[in-house]
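Asker: Top to bottom, those sequences are chains A and B.
The first sequence begins at 2 in our numbering and counts up by one.
The second sequence begins at 2 in our numbering and counts up by one.
The reader is advised that the hints may include incorrect statements.
Cut-off 30 Å, straight-line C-alpha distance, at most; resulting in silico cross-link-like pairs (BS3-like, lysine-lysine) [what the hints assert, rightly or not]:
#, chain 1, residue 1, chain 2, residue 2
1, B, 57, B, 24
2, A, 57, B, 82
3, B, 62, B, 81
4, A, 180, B, 57
5, B, 209, B, 62
6, A, 65, A, 82
7, B, 81, B, 68
8, A, 169, B, 169
9, B, 169, A, 209
10, A, 169, B, 209
11, A, 82, A, 68
12, A, 68, B, 180
13, B, 169, A, 24
14, A, 62, B, 169
15, B, 81, A, 169
16, B, 82, A, 180
17, A, 68, A, 81
18, B, 68, A, 102
19, B, 180, B, 68
20, A, 209, A, 180
21, A, 31, A, 209
22, A, 57, B, 180
23, B, 57, B, 84
24, A, 57, A, 68
25, A, 24, A, 102
26, B, 82, B, 57
27, B, 82, B, 102
28, A, 169, A, 82
29, B, 81, A, 180
30, B, 169, B, 82
31, B, 62, A, 169
32, B, 180, A, 180
33, A, 81, A, 24
34, B, 81, B, 102
35, A, 180, B, 24
36, A, 169, B, 57
37, A, 81, A, 65
38, B, 180, A, 169
39, B, 169, B, 180
40, A, 102, B, 102
Quick caveat, the hints were computed from the structure, so don't treat them as lab data.
Protein chains: 2
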Amino acid sequence: MRHIIIASTSTTHGSGYLEYLLKDLELFFKNTEEILFIPYARPSGLSHDDYTQIVKIAFSKINKTVKGIHEYENPIDALKKAKGIFVGGGNTFVLTYQLYKNNLITSLQSAVNNGTPYLGTSAGSNICGLTIKTTNDMPIVYPPSFNALALVPFNINPHYLDPDTNSKHMGETREMRIKEFHNFNTQPVIGLREGSWLHVQNDSIILKGTLTARIFEYNQIPYEVEPSTELNILK
Amino acid sequence: MRHIIIASTSTTHGSGYLEYLLKDLELFFKNTEEILFIPYARPSGLSHDDYTQIVKIAFSKINKTVKGIHEYENPIDALKKAKGIFVGGGNTFVLTYQLYKNNLITSLQSAVNNGTPYLGTSAGSNICGLTIKTTNDMPIVYPPSFNALALVPFNINPHYLDPDTNSKHMGETREMRIKEFHNFNTQPVIGLREGSWLHVQNDSIILKGTLTARIFEYNQIPYEVEPSTELNILK
């Protein structure tokens with residue numbers, strides 16, 4: 002039985018780190034007191050230690066301890082033994098680079114497919130898709146591949162943002178970018194707004210939170226889906 | 002003598018394609034009646050033909066003819082013979098992928114270093130820097146490298162955008178992204194606002210347009226520079 006939470010963001014406006022999700026995480030991680038944290042995405046260039054400290058404080062509120070994967074001598078072994086995994090946000094390219102460098106892609110896939118609950122936020126959600134080709138992040142390092150964990154049969158666009166109709170800026174809107182993605186790729190993309198998440202249980206994929214999500218399918222007009230929609234039909 | 006224009010955007014708000022630059026381009030391309038256009042960045046997935054058509058119309062206003070590089074059997078040969086080059090905007094990853102695929106990186110560098118005037122806008126400006134690691138674009142294809150033409154000794158961030166202090170969106174600001182870039186890279190980055198461009202003549206690099214540009218140097222607080230500032234001291 003697979004258990005995955007793919008969240009658009011760690012933090013919603015005006016709220017603390019992971020605060021909006023904590024109640025759900027208490028249930029989601031009910032079978033473990035310790036979470037293995039992967040801090041590789043390094044938001045704002047935070048060190049692995051400093052990032053792990055933030056996560057420790059958040060999870061202490063639901064009585065979970067947290068250990069950073071960088072604290073283990075053998076990260077592959079740490080993943081095998083983990084009873085709960087959290088991959089935090091930051092830069093998706095930095096995260097992907099480091100996962101490949103430490104040879105962790107297959108180990109992560111195995112752990113999740115063997116039933117270890119996986120929580121991803123932002124960059125940690127991007128890597129749940131087929132590729133990281135719909136990240137919003139700046140490509141500040143060159144990873145050996147854009148292929149990701151493929152835990153779901155589509156791509157994720159976290160922090161999905163509707164076009165600002167008042168803007169005079171000529172850069173592309175998010176929707177234009179995803180449309181360009183579909184000139185070169187065929188898989189669906191789920192635009193997850195901040196505060197939304199996908200809850201995967203085995204092959205069921207349900208949209209959670211109070212907001213709709215925007216679905217981009219190849220050669221189709223984008224459309225909105227309501228919370229509680231079953232999304233496992235997308236592929 | 003090198004002649005390069007590195008423009009933030011092709012189009013400013015409320016104005017036609019290249020319109021704000023046409024007077025300068027007339028002078029810049031004064032020694033040629035024909036421009037070789039590289040349409041590889043394919044904005045909105047436009048075909049090479051359709052994109053070239055837009056550029057033809059714009060340049061006809063200053064009595065220049067335009068031919069797309071895709072119209073030539075041998076693009077390397079076309080670059081060698083060109084008397085003026087324009088690389089348009091779109092997706093920087095798509096552009097870079099196609100330049101590598103067609104083996105044009107060295108030919109472009111040689112042409113520019115031998116004095117062929119080069120105009121870049123947006124993605125076509127990104128590739129003038131050392132790497133494409135400060136592009137704003139979505140990584141919709143995987144290029145064989147992030148290394149770019151290195152026509153200037155720093156990186157470009159086109160369409161530079163100041164933080165929106167009213168936003169409730171939790172995604173990173175442009176400044177935060179460039180700061181993260183400097184956790185892994187040391188070269189300066191020039192944030193070029195829409196309507197600004199750099200004019201390179203041999204080793205002189207002057208900021209043009211009416212707006213200031215934002216300079217990000219490794220381990221320094223970002224700062225603004227005024228139009229007409231000589232930027233060749235950055236490295």
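Asker: Of the hints given before, which are not true for this structure?
Answerer: Those not satisfied are hints 2, 15, 16, 18, 19, 25, 28, 29, 30, 35.
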